[in-house]
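The task is simple: from the sequences and hints, build the whole structure.
The listed protein sequences correspond, in order, to chains A and B.
So in our numbering the end of the first sequence lands on 396, straight run, no missing numbers.
So in our numbering the end of the second sequence lands on 796, straight run, no missing numbers.
Since the hints were made in silico from the structure, they are not lab data.
Simulated pairs of lysine-lysine, DSS-like, Cα-Cα distance not exceeding 27 Å:
(1) A:LYS11 - B:LYS658
(2) B:LYS591 - A:LYS198
(3) A:LYS211 - A:LYS149
Residue-level listing of the chains:
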Amino acid sequence: MSLPNPAFTQKFGFARADVGLGNWRTRPYSAWSFQNVAELVPSAEISTSATIEDETLEPLGPLLEQTVDVGAGSETVKSFLARSDTDTLVAMKAGNFVGEYNAPATDPAAPHIVFSISKSLTAILAGVLQDERLLDPAEPVTRYVPEAKGTAYDDVTVQQVLDMRVSLDFVEAYLDPESDFARYRRAMLWNPMRASDKVESLREVILSLPKADGPHGGPFRYYSPLSDMLGIIVERASGLRYADLLREKLWVPLRARGRCTVTVDSEGMARAAGGVSMTARDLARVGEMMRNGGMAGSRAIVSERWVRDTLSAGDKAAWKAGDFAHLLKDGSYRNKWYQSGFPNGAFMAIGIHGQWLYVDAEREVTIVRLSSQHEPVDDPLDQEALRFFEQIAVML
Amino acid sequence: MTSYKNSDLRPPIMQGSPPALIVPRLDWDRPPWNRWSFQHVRELLTTAEVWRGNGHRKKFPRAEVDLDTLEFDTEGGRTTLERHLDDTYTDGFLVLKDGSVAFERYFNGMNERTLHLSQSVAKSVTGMVFGIVAGQGVVDPAALATDYLPELATTGWRGATLQQVLDMTTGVRFDETYENPYSDIGQVDVAGGWKPPPPGSDPDFSWPAHMWELILRLTETVRPHGAMFEYRSIETDVLAFVLERATGKRLPQLVSEELWQKMGAEESACYTVDSAGYAIADGGFNATLRDYGRFGQLILDGGGGIIPSAWIEATRTGSYNQLYNDAFPEGSYRNQFWIEDPRSRTLMCRGVFGQLIWISFDHRMVAVKLSTYPDFSNTAFAKATLAAIHAIAAALAGRA
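Below, the structure is given as structure tokens:
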């Protein structure tokens with residue numbers, strides 16, 4: 001059935017009508033959909049009046065022609081960005097924007113979904129509430145979420161949720177439509193519903209997940225629903241809905257500029273683990289704030305104590321025994337941020353399909369790469385991306 | 397559940413974690429839920445942005461007048477503006493006189509940044525964009541709908557001109573009974589992505605997947621094209637498909653480029669979109685109170701070089717051969733706008749649950765009312781609102 005928007009088809013190579021919940025997180029559709037998530041999933045607005053950036057950034061220019069070797073032989077920066085399905089790359093040096101790369105289909109004003117970098121943003125909110133003495137990470141989850149009593153979260157502390165050290169029975173089984181993972185994806189309204197499916201809320205699904213055999217506080221186990229749970233915890237501790245909390249505690253004091261949204265479920269609950277969309281420049285501002293010990297200019301967003309804890313207190317043994325040891329062999333994970341273990345002390349927030357916030361504090365460099373990689377997880381490409389960021393940071 | 401007035405205690409709809417009262421998916425546009433949902437459509441439905449662009453916001457000078465205690469007569473007796481706004485479930489109310497803000501009020505949690513659903517006011521936005529594109533020579537109102545959309549040859553629009561579509565005088569059969577889920581307008585709710593199919597509905601009933609499919613299924617006519625006016629929302633969607641086919645652009649982009657970027661809008665607007673990404677041109681538009689005011693003021697100013705003034709003049713030139721609307725029996729309908737009467741030729745954009753933009757050339761005045769009535773339509777409320785606006789016009793004229 002032909003729907004009339006040829007200009008769209010010409011620009012993206014497929015018709016808008018071809019994009020739906022069944023394919024929006026795959027190529028080629030994701031080159032458009034990752035910048036237009038609200039067209040596919042209901043979304044709450046976080047930004048206040050979005051303004052356009054004052055200064056037009058220089059294209060990365062000469063840097064694009066420089067040579068990198070990320071393990072696939074010598075190539076230009078531009079060629080790596082193109083072959084890795086990078087939508088946008090923004091780099092900052094010593095607090096100033098250096099330049100910006102945008103793929104031909106990228107609208108630099110559009111917010112781009114950052115997937116699990118949302119977790120790192122949610123954790124900043126937890127840090128702010130901790131500073132305000134509204135949240136104590138040592139307390140059990142049930143203190144803030146009473147209905148978690150008698151569930152897998154019964155004896156879990158908020159800190160264990162923050163560090164992904166909870167013993168949960170949750171497998172990312174992509175192919176089984178009856179699995180908890182499939183229920184999870186439907187409940188967040190990211191996947192198509194079948195006529196026979198019961199409408200469940202995200203909260204119901206998260207609370208229904210069974211506990212695994214081992215004790216809590218063990219190795220790093222990457223379970224996204226824990227970050228949705230953190231979203232519920234920060235809502236309960238603050239009394240505010242997630243979008244309002246993120247606007248008030250982060251977006252406004254950060255002086256973010258672009259649009260910012262978060263997907264919501266059938267009960268209006270925000271997808272705190274992966275539903276935030278924002279511009280690359282605003283995400284770079286988050287990285288700069290972390291690099292500057294919680295300060296955005298002269299405004300304190302979160303305490304330096306919390307930032308220091310986040311960047312240094314990750315448990316290396318838990319990491320080595322955990323799910324992602326292959327990604328960073330000397331790495332660690334604390335408060336939903338990754339510590340690289342590299343000599344330069346770089347730290348990161350990472351999302352599937354190639355979303356990266358990389359901060360090299362030693363060189364005062366912040367890099368944001370937002371992408372539409374076909375695979376949610378691509379281990380070889382992740383390694384290349386890490387080497388790419390290291391080399392770019394040195395060039396800058 | 398019954399609704400609440402602004403003067404009543406506000407129930408905690410979508411407040412707290414988890415929200416004390418959660419808006420049900422099937423009834424989000426019904427009372428009391430519409431009082432929250434018309435200001436939060438993006439959280440309930442999928443939406444496409446109408447970008448305001450990078451330009452300057454057109455500021456309105458302020459020349460405010462205290463109108464709260466202004467008295468006027470309605471069928472229900474004498475009242476004040478303040479009481480009328482409360483009685484009619486008002487979320488926002490704006491009066492522009494000679495291009496300045498004379499009166500601006502927000503209620504029920506709305507503020508100057510809130511995007512509010514305007515229901516069929518969207519039709520008038522589509523109509524004006526059509527006029528702009530026609531002025532560029534890209535579409536011709538005298539042409540047949542099938543000239544742009546050959547697919548319509550198998551539908552009731554076969555042989556209809558675009559002017560007939562603009563005036564809602566085609567003979568296409570379309571049942572606009574809001575309360576019946578299987579009516580054509582009920583099917584629009586499902587095709588347009590506003591509602592899931594109602595639970596317990598006939599499992600063998602084949603709901604249209606999106607708006608285009610619904611249009612292609614409307615194959616019958618009830619009378620010859622051009623014979624009379626009959627209000628049918630789907631005509632606006634046909635117009636939007638014509639615009640998309642003729643310009644190659646999606647409607648949200650077209651409205652952004654031709655209106656929102658040019659008129660100095662304060663905020664980006666948005667459209668709800670169906671599963672195929674089609675913007676709901678007949679009623680899915682959301683914008684701020686002031687931006688609805690800017691749209692009205694632009695028309696009052698003769699189009700400001702953005703809309704052809706001849707198109708606005710044509711829009712004000714109705715025919716008066718039948719009853720068009722109970723709330724203003726002398727009125728007419730042209731180019732997706734209502735005309736209040738043949739003397740003033742005041743233009744109106746109207747949407748169910750109490751949405752109105754009133755554009756008076758005689759009084760150099762624009763009034764915008766955004767509301768969430770408990771009912772789709774309420775003739776007594778609509779008449780009382782017109783009485784209020786006329787009293788305001790008289791009061792402001794007296795001051796000049």
